[in-house]
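Asks: Quick mapping for you: the protein sequence lines, in order, are chains A and B.
According to the UniProt record's numbering, the residues represented by the first sequence are 1 to 166, in order.
According to the UniProt record's numbering, the residues represented by the second sequence are 1 to 117, in order.
Hints in this document: simulated from the structure, not taken from any laboratory.
Because the structure is a prediction, the values reported are computed rather than measured.
Note that beta-carbon positions come from the ideal geometry of N, C-alpha and C, so glycine has one too.
Where hints are given, some of them may not hold.
[Claimed, not checked] On the chain A side, residues computed to face chain B include the following (Cβ under 10 Å): (1) S16; (2) A28; (3) S48; (4) K144.
[To be verified] Facing chain A, from chain B, some residues (calculated, C-beta under 8 Å): (5) A15; (6) K18; (7) A46; (8) V85; (9) Y88; (10) Q89; (11) W92; (12) N93; (13) R95; (14) F96; (15) L99; (16) D100; (17) V102; (18) L106; (19) Q107.
[Claimed, not checked] Here are some chain A residues the structure puts well away from chain B; computed CB gaps all over 10 Å: (20) Q19; (21) T38; (22) L42; (23) T55; (24) V89; (25) N91; (26) E92; (27) T97; (28) E101; (29) N102; (30) E110; (31) V113; (32) A116; (33) T117.
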Amino acid sequence: MTAASEGKTATVTLPSDRQILITREFDAPAHLVFKAFTTPELVGRWWSADMGETTLVAIDLRVGGAWRYVMVTHDGVEVAFHGEYLEVVPNERLVSTEVYENLPPDVPQETAVNTATFTEENGRTILTILVTHSTREHRDGHLKSGMEGGLQKALHLLESVARGLA
Amino acid sequence: MARAATTSDVFNALAEPKRRQLVDLLASGERSVTDLVRLLELTQPAVSKHLRVLRDVGIVHVRDDGRQRLYRLDPLSLRPIHDWVAPYQHLWNRRFEALDNVLDELQRQEERDDGSE
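The following block holds chain B by itself, in its conformation from the complex (with noise of 0.2 Å):
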């Protein structure tokens, strides 16, 4: 399947490493675009055209706050990342649970066997 254009959707605008970590930065809160710019060691205007591919697919909002534009996390917009990760999640979590009784059983044999000793 050919890729479709950086800002088509949101699994294009995060599949660049720099977005991923700008996401990374604000999964912890609002931030200002300098703060940004000192945390990924990178110029302003970069930092801003990576934020703008953001704001374009719902990534990020933006407000003003006096004399700073502070970027926030829309989390709901990244449903549809996690809705394409979740039912392979769901796979490993039922094998898990079969692994924890299997598990069960080791310990109790385990313990059996040191109490024979």
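Extracted from the complex, chain A is given alone in its bound form (with noise of 0.2 Å):
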């Protein structure tokens, strides 16, 4: 892997029990990442990727003020999330929990932690995402709703894994 698509993939690491942390590179100066991260027209075009169709967008870019996101997968199930701004920095830091509004019944609810934070250099932009879960086992089942993506890409990942261990 290249210097330059190295920036351009998406790195998620678990730094603790209850943690997911996500960084990723932009080719954009960190105010405009914040602004397609918290302008509902834009986060409606690039949130639900091509998962499926981005449904309803609401933000109230405040602290104290809620957030929800809807979106329609191709195979028609509706998935929802909501919550609310506790720190809001512009072009620099956003706090804000996550309530996932699908989890099964049988699954006691939560409310997760998510700290956005845009750092620019040189007019890029390093993100993080850090995802704070109350529990191991809510992380653990917020990772494996990513599973739904398949597995087609891990094998070449892992080589570079593997290649940067060695």
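Need the complex rebuilt from these two chains, each delivered in its own frame; the hints are there to steer you.
Replies: Here it is as structure tokens:
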């Protein structure tokens, strides 16, 4: 993997039993990345990626303000998240709670805390999203929800991990 | 789901923070037990106990070099963990690729706006 493509790949690490850390570099200044994260019309264009269609993005960007995102997957399942902003530092930092609304009824509901930081360097932005769950079980469940995407890239990624460790 | 005994698989072996620290230390290369004791600030028996758990599930291998016991990481043993995280990473990659397109457009728009002032 070249240095250029490395920055364009999101890395996911597990800093503790309850956390997930996502890191990615963007070829754009921090104020634009922040804008794309906090403007409903823009969030609607990237958040669901190719997994489905975003049907609702509500953002009340202030401390104590609420947010809610809803997506309908290609197989017709509605997936929704909501939360509240705990900290809003424009172009730098966004802390919010997150509740996944589609947990099975037998699983205790929980509130996770997401901390996004936007760090600009030479016109590029390093974005980190730290997701802190209340228990290891909820963290693990969150990770498993990504399984739907399939395992096609796993082997390729494994190679780079293994090379890095060798 | 009930949690299995600590030695049963790599997930359980790495649930212990000190053992994750050991893996981090070994990621940069082979190290002696003495080295690991010093870096972890634990007693030698405690470090040996953690190393034994890691060895039992194949995360580390050991060899004798004169009077030293050297431990090294087997990256392929971490594959189950990697396979578990990879789809989630893939999801974020797809999301961020879509975000790249949005950002390109915002940048072009900003350049146009600057030009027209």
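Asks: State for each hint whether it applies.
Replies: Tested hints:
1. S16: It holds, given that the least Cβ distance between S16 of chain A and chain B is near 8 Å, below 10 Å.
2. A28: With a closest approach of 4 Å, the A28 of chain A hint holds.
3. S48: holds (8 Å)
4. K144: holds (8 Å)
5. A15: OK, holds: A15 of chain B within 8 Å of chain A, min 7 Å.
6. K18: violated (13 Å)
7. A46: This hint is violated: A46 of chain B lies away from chain A, its Cβ roughly 20 Å from the closest one there, beyond 8 Å.
8. V85: holds (5 Å)
9. Y88: Holds - the Cβ of Y88 of chain B comes within 8 Å of chain A, reaching about 3 Å at its closest.
10. Q89: holds (4 Å)
11. W92: holds (4 Å)
12. N93: holds (5 Å)
13. R95: holds (4 Å)
14. F96: Check passed: Cβ of F96 of chain B comes within 5 Å of chain A, closer than 8 Å.
15. L99: Since chain A brings a Cβ to about 4 Å from L99 of chain B, closer than 8 Å, the hint holds.
16. D100: holds (7 Å)
17. V102: holds (5 Å)
18. L106: holds (5 Å)
19. Q107: holds (6 Å)
20. Q19: holds (12 Å)
21. T38: holds (12 Å)
22. L42: violated (6 Å)
23. T55: holds (16 Å)
24. V89: holds (20 Å)
25. N91: holds (13 Å)
26. E92: holds (17 Å)
27. T97: holds (20 Å)
28. E101: For E101 of chain A, whose nearest Cβ neighbour in chain B is about 18 Å away, the distance exceeds 10 Å, so it holds.
29. N102: The claim holds: N102 of chain A sits with its nearest Cβ about 16 Å from chain B, beyond 10 Å.
30. E110: holds (17 Å)
31. V113: holds (18 Å)
32. A116: At roughly 12 Å from the nearest Cβ of chain B, A116 of chain A sits farther out than 10 Å, so the non-interface label holds.
33. T117: Holds, since 15 Å exceeds 10 Å.
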